[in-house]
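Undergrad: Sequence:
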Amino acid sequence: MQQSIYYIKFALQFADMQITELVNIFNRQVGNRGWTSMRAYHDKALIDEFQRRGVDVSVVYNGKAISFAHSVRYDISDNQLVTIG
Numbered sequence: 000m001q002q003s004i005y006y007i008k009f010a011l012q013f014a015d016m017q018i019t020e021l022v023n024i025f026n027r028q029v030g031n032r033g034w035t036s037m038r039a040y041h042d043k044a045l046i047d048e049f050q051r052r053g054v055d056v057s058v059v060y061n062g063k064a065i066s067f068a069h070s071v072r073y074d075i076s077d078n079q080l081v082t083i084g
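Mapping to numbering that gives the first Met the number 0: the sequence shown position 21 is 20, numbers consecutive.
These are calculated hints, taken from the structure and not from any lab test. Incorrect hints may have been included.
[Unchecked claim] Straight-line distance between alpha carbons at most 27 Å, and here's what the computed DSS-like set of lysine-lysine pairs gives:
| no. | residue 1 | residue 2 |
| --- | --- | --- |
| 1 | Lys-8 | Lys-63 |
| 2 | Lys-43 | Lys-8 |
| 3 | Lys-63 | Lys-43 |
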């Protein structure tokens with residue numbers, strides 16, 4: 000399956016960012032209930048970038064769905080995202 004040009008655009012953008020920047024981008028999506036195909040490309044590219052770097056995203060992604068119910072922080076010692084609060 001060919002990837003969308005929009006997914007690729009987001010993936011390239013995220014590849015140039017620090018993990019803290021990616022976390023900030025994730026946290027800006029918390030509580031956002033709007034949904035479009037563009038957001039789907041954005042969110043999938045974001046999670047894929049965390050995973051490409053070996054970050055454990057299991058608190059927000061189960062392999063099928065991404066949860067933006069809670070803000071996260073990056074735990075560098077365990078190389079994982081953890082929920083705040």
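Undergrad: Could you run down the list of hints and mark each one as holding or not?
TA: Evaluation of the provided hints:
In summary, the hint linking Lys-8 to Lys-63 is supported, as the alpha carbons are separated by about 22 Å, within the 27 Å threshold. Straight-line distance between C-alpha atoms of Lys-43 and Lys-8 comes to about 12 Å, which keeps the hinted pair within the 27 Å bound. In summary, the hint linking Lys-63 to Lys-43 is supported, as the alpha carbons are separated by about 10 Å, within the 27 Å threshold.
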